[in-house]
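Asks: 433 is the number that my numbering gives to position 433 of the sequence shown; each next residue is one higher, with no gaps.
Do not rely on the hints blindly, as some may be mistaken.
Claimed, not checked - With a straight-line Cα cutoff of 30 Å, these simulated DSS-like cross-link-like pairs (lysine-lysine) come out: (1) Lys338 to Lys321; (2) Lys222 to Lys85; (3) Lys306 to Lys447; (4) Lys447 to Lys208; (5) Lys208 to Lys449; (6) Lys476 to Lys211; (7) Lys208 to Lys455; (8) Lys338 to Lys211; (9) Lys321 to Lys447; (10) Lys222 to Lys447; (11) Lys447 to Lys311; (12) Lys476 to Lys461; (13) Lys272 to Lys427; (14) Lys85 to Lys272; (15) Lys427 to Lys323; (16) Lys322 to Lys463; (17) Lys306 to Lys208; (18) Lys461 to Lys211; (19) Lys323 to Lys440; (20) Lys427 to Lys455; (21) Lys323 to Lys222; (22) Lys347 to Lys211; (23) Lys337 to Lys321.
By construction, these hints were calculated from the structure, which means they are not laboratory data.
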Amino acid sequence: MRRTLATAVACALALAGVSCATNPETGTHHVVFTTVKGEQERARHIHEEIVRFYGLYQDQALQDYVQMIGTRVARNTPIADWDFKFYVLDDDDINAFTVGGGYVYIHRGLMAYLNSEAQLAAVLGHEIGHDVARHPARSEAQGVLLGTGALATAILTGNPALAEMANLGATAWYQGYGRDHESEADRLGLEYATRSGYNPQALGDAMKVFKAQEAFELTRAKDEGRDPNIYHGVFSDHPAPDERIVAATLGAADITTVPRGGWLDNREPYLKAIEGMPFGSSREQGIVRDNRFYHAGMKLTMAFPKGWKVKNERDRLLVTKKKESVMQVTLEKRPEKKSPREFLLQKLRGASFSHGDALAVHGMEGYALITRSGSPLDAGEGPVRWAVLYRGTQAFMIAGASRSSESGAPLDDGVFMSSIETMRDMKPTEYPLAEPYRIKIIQADEKTKIEDYAKDMPVEKFKQEELRLMNALYPKGEPKPGDLVKVVE
């Protein structure tokens, strides 16, 4: 009686612009703020912004492959008439998500760590499960998107402040949907993938990939003095990795009817599909080698101090020295009829500053100063080093801050200024250095050892750990003779 009454009341809210959706798998009614058609239309608009923000990975063969696998899984849902679309994003985050309306995204960063077509099908099936159960629309109705919706608001209002999407925390559909919804998506994804002929053990294997990533990320984040970045399925308020692995294994054990010809894993076709895919940043995003940044498209290079962590993020270069100092480089359009000094002072309007000087760096004019307080960096507390360099139609903004100061300047101000002075045009001989590291598939023999191939990993630390993670060998495993192994070169 209570459930019926609650459903009737909820559906009555449609008079106020709220709809009532029925879960096609369970028959349960849920309050949503949009129809299926409305959700699909909104997803199309969101898609445009996602593509603008991340970019699609420019390999049509891989895009077609992922679309083929996703379509195969989606056909085995109760909404098989939906026009599901699957996209590989040109981004090295270890993540996949859906915005509803049949739009599903997987980052190439996650694909580097999956090891079979069946695992890919399980991940896509999980996201399809979110769509089938209308989790994006239901979460909005529950206030999850409306409460945290920096990105949703930005997209729907046309506000270009999409940097919020870079933070895990911007939206429910990027982070995940909570314990019950994630568990439901796991169950549905397993069902759809196995109906498609894929090995039911693949979901558990995919969860092991995420568990290993979580364990390693916690270790790495502690070493680097930062907060961990973790795939949406393993946030603390979601089912724990071990719990999800057990659930996936038990779910797989319940599936006893084996299709004619056996279950599909398709490890070799998957590895062939991702061979040549960039590991880390792509050419379009710029490459970091030995703490020097190279961007072939902009014909630009810049060096940073040894021992500092250089992170090539979507909208900035972020350079850190543990928790002691941070430096960032962002790109803006050069203003017309404004000198570097005028441009910088306008950007820092309201801040108190000192030590202003004109800059001349490899043919670029610029200006540098130190703010004492009121700047946009370091919570508005000074001192912060700021600089701008004009290069053609571009304006490079550089900012650096330290936890401590000396003589009215950040403690590492000398390092900041030295790095600024390294910005220059690339030499013809440097263009090969702007090419990305790529995944290569080899066949192991008796002599194949992870440590031998880990030397080429494009990371400063944890080289063996990264390579083992890519091959489901974390933390101490070694490939067996005959195994296909992913390496990076």
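Asks: Within a Cα-Cα threshold of 30 Å, do Lys338 and Lys321 meet the stated pairing?
Replies: Violated - the C-alpha atoms of Lys321 and Lys338 are around 34 Å apart, more than 30 Å.
Asks: Does the structure keep Lys306 and Lys208 at a Cα separation of 30 Å or less?
Replies: violated, 34 Å
Asks: Would the hint linking Lys427 and Lys455 be met if the CA-CA limit is 30 Å?
Replies: Answer holds: Lys427 to Lys455 is near 26 Å, not above 30 Å.
Asks: Are Lys321 and Lys447 close enough, with their CA atoms no more than 30 Å apart?
Replies: violated, 38 Å
Asks: Given the hinted pair Lys306 and Lys447, is their Cα-Cα distance within 30 Å?
Replies: With a Cα-Cα distance of about 33 Å, the restraint between Lys306 and Lys447 is violated, given a limit of 30 Å.
Asks: Holds or violated: Lys476 and Lys461, Cα atoms, limit 30 Å.
Replies: The hint holds at about 16 Å.
Asks: Hey, Lys337 versus Lys321, does the alpha-carbon distance stay inside 30 Å?
Replies: violated, 37 Å
Asks: Just to be careful, I want the Cα atoms of Lys461 and Lys211 compared with a cutoff of 30 Å; is the pair within it?
Replies: holds, 20 Å
Asks: For Lys447 and Lys208, compute the direct alpha-carbon distance and say whether it is at most 30 Å.
Replies: Holds, at about 27 Å.
Asks: Is the hinted pair Lys322 and Lys463 satisfied, with a Cα-Cα distance of at most 30 Å?
Replies: holds, 19 Å
Asks: Tell me if the straight-line CA distance from Lys338 to Lys211 falls inside 30 Å.
Replies: violated, 52 Å
Asks: Run the distance test for Lys323 versus Lys440: straight-line Cα separation, threshold 30 Å.
Replies: Outside the cut-off at roughly 35 Å; violated.
Hint check: violations occur at hints 1, 2, 3, 8, 9, 10, 11, 13, 15, 17, 19, 22 and 23; the rest are consistent with the structure.
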